[in-house]
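Residue strings, one per chain:
Protein chains: 2
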Amino acid sequence: MSLITVGTMAFDAIETPFGKVDKIVGGSATYVAYAASNFVKPINQISIIGYDFPAEELEEMKKRGVNIDGVEIVSDKKSFFWSGKYHMDMNSRDTLITDLNVLEDFNPIVPDSYQDSEFLMLGNLMPKLQLSVIQQMKVRPKLIVMDTMNFWMDIALEDLKVVLKEVDVLLVNDAEARQLSGEVSLVKAANKILEMGPRFLVIKKGEHGALLFHESHVFFAPALPLEEVIDPTGAGDTFAGGFIGHLAKTKDISFKNMKTAIIVGSALASFCVEKFGPERMKEITKSDIDQRIAQFVDLVSFDIDLV
Amino acid sequence: MSLITVGTMAFDAIETPFGKVDKIVGGSATYVAYAASNFVKPINQISIIGYDFPAEELEEMKKRGVNIDGVEIVSDKKSFFWSGKYHMDMNSRDTLITDLNVLEDFNPIVPDSYQDSEFLMLGNLMPKLQLSVIQQMKVRPKLIVMDTMNFWMDIALEDLKVVLKEVDVLLVNDAEARQLSGEVSLVKAANKILEMGPRFLVIKKGEHGALLFHESHVFFAPALPLEEVIDPTGAGDTFAGGFIGHLAKTKDISFKNMKTAIIVGSALASFCVEKFGPERMKEITKSDIDQRIAQFVDLVSFDIDLV
Numbered sequence: 001m002s003l004i005t006v007g008t009m010a011f012d013a014i015e016t017p018f019g020k021v022d023k024i025v026g027g028s029a030t031y032v033a034y035a036a037s038n039f040v041k042p043i044n045q046i047s048i049i050g051y052d053f054p055a056e057e058l059e060e061m062k063k064r065g066v067n068i069d070g071v072e073i074v075s076d077k078k079s080f081f082w083s084g085k086y087h088m089d090m091n092s093r094d095t096l097i098t099d100l101n102v103l104e105d106f107n108p109i110v111p112d113s114y115q116d117s118e119f120l121m122l123g124n125l126m127p128k129l130q131l132s133v134i135q136q137m138k139v140r141p142k143l144i145v146m147d148t149m150n151f152w153m154d155i156a157l158e159d160l161k162v163v164l165k166e167v168d169v170l171l172v173n174d175a176e177a178r179q180l181s182g183e184v185s186l187v188k189a190a191n192k193i194l195e196m197g198p199r200f201l202v203i204k205k206g207e208h209g210a211l212l213f214h215e216s217h218v219f220f221a222p223a224l225p226l227e228e229v230i231d232p233t234g235a236g237d238t239f240a241g242g243f244i245g246h247l248a249k250t251k252d253i254s255f256k257n258m259k260t261a262i263i264v265g266s267a268l269a270s271f272c273v274e275k276f277g278p279e280r281m282k283e284i285t286k287s288d289i290d291q292r293i294a295q296f297v298d299l300v301s302f303d304i305d306l307v
Numbered sequence: 308m309s310l311i312t313v314g315t316m317a318f319d320a321i322e323t324p325f326g327k328v329d330k331i332v333g334g335s336a337t338y339v340a341y342a343a344s345n346f347v348k349p350i351n352q353i354s355i356i357g358y359d360f361p362a363e364e365l366e367e368m369k370k371r372g373v374n375i376d377g378v379e380i381v382s383d384k385k386s387f388f389w390s391g392k393y394h395m396d397m398n399s400r401d402t403l404i405t406d407l408n409v410l411e412d413f414n415p416i417v418p419d420s421y422q423d424s425e426f427l428m429l430g431n432l433m434p435k436l437q438l439s440v441i442q443q444m445k446v447r448p449k450l451i452v453m454d455t456m457n458f459w460m461d462i463a464l465e466d467l468k469v470v471l472k473e474v475d476v477l478l479v480n481d482a483e484a485r486q487l488s489g490e491v492s493l494v495k496a497a498n499k500i501l502e503m504g505p506r507f508l509v510i511k512k513g514e515h516g517a518l519l520f521h522e523s524h525v526f527f528a529p530a531l532p533l534e535e536v537i538d539p540t541g542a543g544d545t546f547a548g549g550f551i552g553h554l555a556k557t558k559d560i561s562f563k564n565m566k567t568a569i570i571v572g573s574a575l576a577s578f579c580v581e582k583f584g585p586e587r588m589k590e591i592t593k594s595d596i597d598q599r600i601a602q603f604v605d606l607v608s609f610d611i612d613l614v
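From first to last, the protein sequence lines are chains A and B. In terms of this note's numbering, the first sequence opens at residue 1 and continues consecutively. In terms of this note's numbering, the second sequence opens at residue 308 and continues consecutively.
FYI, nobody ran anything at the bench for these hints, they're computed from the structure. There's no promise every hint is true.
When the alpha-carbon atoms are kept at most 25 Å apart in a straight line, the in silico DSS-like pairs for lysine-lysine are as follows [what the hints assert, rightly or not]: (1) B/Lys495 with A/Lys20; (2) B/Lys327 with A/Lys205; (3) A/Lys188 with B/Lys449; (4) A/Lys275 with A/Lys286; (5) B/Lys449 with B/Lys384; (6) B/Lys449 with B/Lys563; (7) A/Lys286 with A/Lys192; (8) B/Lys495 with A/Lys85; (9) A/Lys251 with A/Lys165; (10) A/Lys188 with B/Lys327.
The following label-pair restraints were derived from C-beta to C-beta distances [as the list claims (entries may be wrong)]: (11) B/Asp595 with A/Glu195: 28 to 36 Å; (12) B/Gln602 with A/Asn107: 56 to 64 Å; (13) A/Asn107 with B/Glu590: 54 to 62 Å; (14) A/His87 with B/Asp461: 19 to 27 Å; (15) A/Asn91 with B/Ile462: 27 to 35 Å; (16) B/Gln602 with A/Gln136: 38 to 46 Å; (17) A/Gln295 with B/Lys449: 29 to 37 Å; (18) B/Phe325 with A/Pro54: 52 to 60 Å; (19) B/Gln602 with A/His87: 30 to 38 Å; (20) B/Ile380 with A/His217: 32 to 40 Å; (21) A/Lys62 with B/Gln602: 45 to 53 Å; (22) A/Ala175 with B/Phe325: 19 to 27 Å.
A quick note: this is a predicted structure, and the numbers were derived from the prediction, not measured. We put the CB at the ideal spot given by N, CA and C, even for glycine.
Please model the complete structure; the sequences and the hints are all you need to start from.
Written as C-alpha cells, this is what we have:
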C-alpha cells in the first residue's frame, strides 16, 4: 500500500521557554513523512522547496522510503519560512514571520507514479490546492484525511466547505472545531461538522489529548503526561502522520482501527515534542514506539465491575 | 464501613451562559454526601449551617443515609453564601459574593459516634480545621482524602503543608498543582507534591479529565464529552464524593482500585453539571450510574497489537 502526503517542506525559527533555534527544517509534509515512514513505504511526497532546502534532508527522507518525485524544486527562490514564539504554557504561540517564498507558486501536481496510492494525507494548505489534488486522482483513494486551520476558515470558508465534502477524516484542534461549527460544546460541534462531509472527525486538544467522533460514537485518547516539552512545533502533523501511517499499514479503516491509529499518532507526537524540529523523529526506533504505545495502554487501563 | 465528610453546607447564587439561580443549596460537603451516598452508608457529615438552611434538604440527606449529628445548626446566623458567574467557556468563573456567616465560627467537632469511621473526606476548608479533624480521630482512618484550593496556598501555605503530611490522597486542579509545586510540567509538579506527604495525587483538569499519580505510576481518566454543561458548580466535590464513596464501599485502597474510583468519580461529576446545584444528583439511580460508567469504558477502550 502507499500513501500520498501533500503539504509544506520548510524552514522554521522557533523560540520556546526552553530554547531557541534560528533555522531548522520544518513543514507539515516533513513531519507527516517522518512519522508515517515508521509504518508504510513508499511515502509519496507532494511539496515545493527552494534552492536552499538541504540536500542531506532529502537524502535522509529517501532513505526512509519517501519518494520525492512530487517535490518541486524551485532554483531561484527560497523555501517557505515560518518563525514563531511559544508562550510559557506551550499551548499558544505568536507567529513572528511568515515568508511564503516558493509557496506563492505552489500548484501541486500528482505524478503518474503516485496514481495507485490508496491513502491520501492532505496537510494544512489552501483548500483549493487540497481540492486540486483530490481531483487529480484517477481512482479515489480508499481514505482521504485532511488537516486545516483557522486561517482558511477566516479567508476561504466556502472553498474549505467544498473540500470537506470530499474527505473521509478531518483533523482540527478544539478552537478550530468551535469556529467551523459555531458551537461551544465539542459534542455539538462534532455533530455539525460530521454533517459537512467527513465521516470521521478528530479534534486535537494538544496536551489534553484527542477525540475521535464517528456517527454516534466517540473515543478519547489522552496525551502522555510529559516531564518536559521542548518544542511543540510539528506535533499535530506528526500525530497525523502516525495516524494515517497506521491505517495505511493495516489497510483497515474501521472505527475500531481508527481508535488504535489515534493512539499510534499520539505516541508519535509525544516523541516529536522532546526536541526542536523533527530531530527526535529521526532517532526513534520501532522498539521506542512500541514502548511508548505500551505506556498509553497503561495510562488509560482500568478494571471496573458493574455489580 | 463508614465515611466522614467535612465541609460546607451552603447557599449558592449561580449564573452561567445557560441560566441563573438566585439561591440554591450548595457547599462542598453537600455535593460529597449526595455523590458518596450512592455507594456507602452512613455518611457521617461534619458541617455548620444557619437557621435558614432548608429542613427538607436535611430530611432528603437523612433519607440517603447521611448522618447529621455532626452538623452544627446556629440559630441566629445565616448559612454560608457564595455567588459566582461563569464565563462562556465554563472553565473559569468570577466570585461575586462570599458571605461567610456561620462559617466564621466553624470549629468542627467529631462526634463520638463517628469515631469508628474508616474513611475521611476533608472538603476544601481552612487547613487548620482540616488538621483539627484528623487530630480528633482516636484511630487514624484507613484513608484520608483532602481537597484544598489556591486561596489557602496564598494565605495559609505553612498550615497547608502540615496537613499534607497527614493525608493519603490530595485532590487539586492543574493550576493549584502548579502553584503548590512551583512547576509548570504536571509530571514534575506531581513528583514534588508526592514528596510533601500524600501517597496519591489526583489532578483535576475539568472538561479535560483527571490524572492520578502514585509513585512512578500515572493514570488518566477523561471527562465525558457532554452536549451541554448547565452548571459546573460542585462537579469537583461530586467527583470527590464518587471517588471516596467507591473506595469506602470496596475497602480497597490499592492504586488499581483508585483508578476505578477516579472513573466512578468522573461519572458522578458528569451528572452533576447537567442541572443547577445538586438537583441532578437527587434524581439519578444505580442504573443511570452503571450506564454512564459503561460510557466511560467505551470512551477509552481500544485494541492494540504490538507486532
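Against the structure, the hints come out as follows:
In summary, the hint linking B/Lys495 to A/Lys20 is supported, as the alpha carbons are separated by about 22 Å, within the 25 Å threshold. Proposed proximity of B/Lys327 and A/Lys205 is contradicted: the alpha carbons are some 30 Å apart, above 25 Å. With a C-alpha separation of about 43 Å, the suggested pairing of A/Lys188 with B/Lys449 is violated against the 25 Å cut-off. For a cut-off of 25 Å, the pair hint linking A/Lys275 to A/Lys286 stands: about 18 Å separates their Cα positions.
For the suggested pair B/Lys449 and B/Lys384, the alpha carbons sit about 36 Å apart, so the restraint of at most 25 Å is broken. With a C-alpha separation of about 17 Å, the suggested pairing of B/Lys449 with B/Lys563 holds against the 25 Å cut-off. The hinted pair formed by A/Lys286 and A/Lys192 fails the criterion: a straight-line CA distance of about 38 Å is larger than 25 Å. The suggested pairing of B/Lys495 with A/Lys85 holds, with an alpha-carbon distance near 23 Å, which does not exceed 25 Å.
About 22 Å separates the Cα atoms of A/Lys251 and A/Lys165, which keeps this hinted pair within 25 Å; it holds. In summary, the hint linking A/Lys188 to B/Lys327 is supported, as the alpha carbons are separated by about 22 Å, within the 25 Å threshold. Between B/Asp595 and A/Glu195 the Cβ separation comes to about 29 Å, which falls inside the hinted range of 28 to 36 Å. The beta-carbon spacing between B/Gln602 and A/Asn107, approximately 47 Å, falls outside the hinted interval of 56 to 64 Å.
Our hint of 54 to 62 Å for A/Asn107 and B/Glu590 holds, since their Cβ atoms are close to 60 Å apart. A hinted range of 19 to 27 Å for the beta carbons of A/His87 and B/Asp461 is consistent with their spacing of about 24 Å. For the pair A/Asn91 and B/Ile462, the supplied restraint of 27 to 35 Å holds, since their beta-carbon distance comes to about 29 Å. A C-beta distance of roughly 42 Å is found between B/Gln602 and A/Gln136, which places it inside the suggested range of 38 to 46 Å.
Taking 29 to 37 Å as the suggested C-beta distance range, the pair A/Gln295 and B/Lys449 conforms, at roughly 31 Å. Against the hinted window of 52 to 60 Å, the Cβ-Cβ separation of B/Phe325 and A/Pro54 comes to about 54 Å, which satisfies the hint. Restraint check, B/Gln602 to A/His87: a C-beta distance of roughly 35 Å satisfies the suggested window 30 to 38 Å. Between B/Ile380 and A/His217 the beta carbon distance is about 50 Å. The supplied range of 32 to 40 Å is therefore violated.
Taking the beta carbon of each, A/Lys62 and B/Gln602 are about 47 Å apart, inside 45 to 53 Å as hinted. Checked against the hint of 19 to 27 Å, the C-beta distance between A/Ala175 and B/Phe325 comes to roughly 21 Å, which is consistent with it.
Of the numbered hints listed earlier, those contradicted by the structure are 2, 3, 5, 7, 12 and 20.
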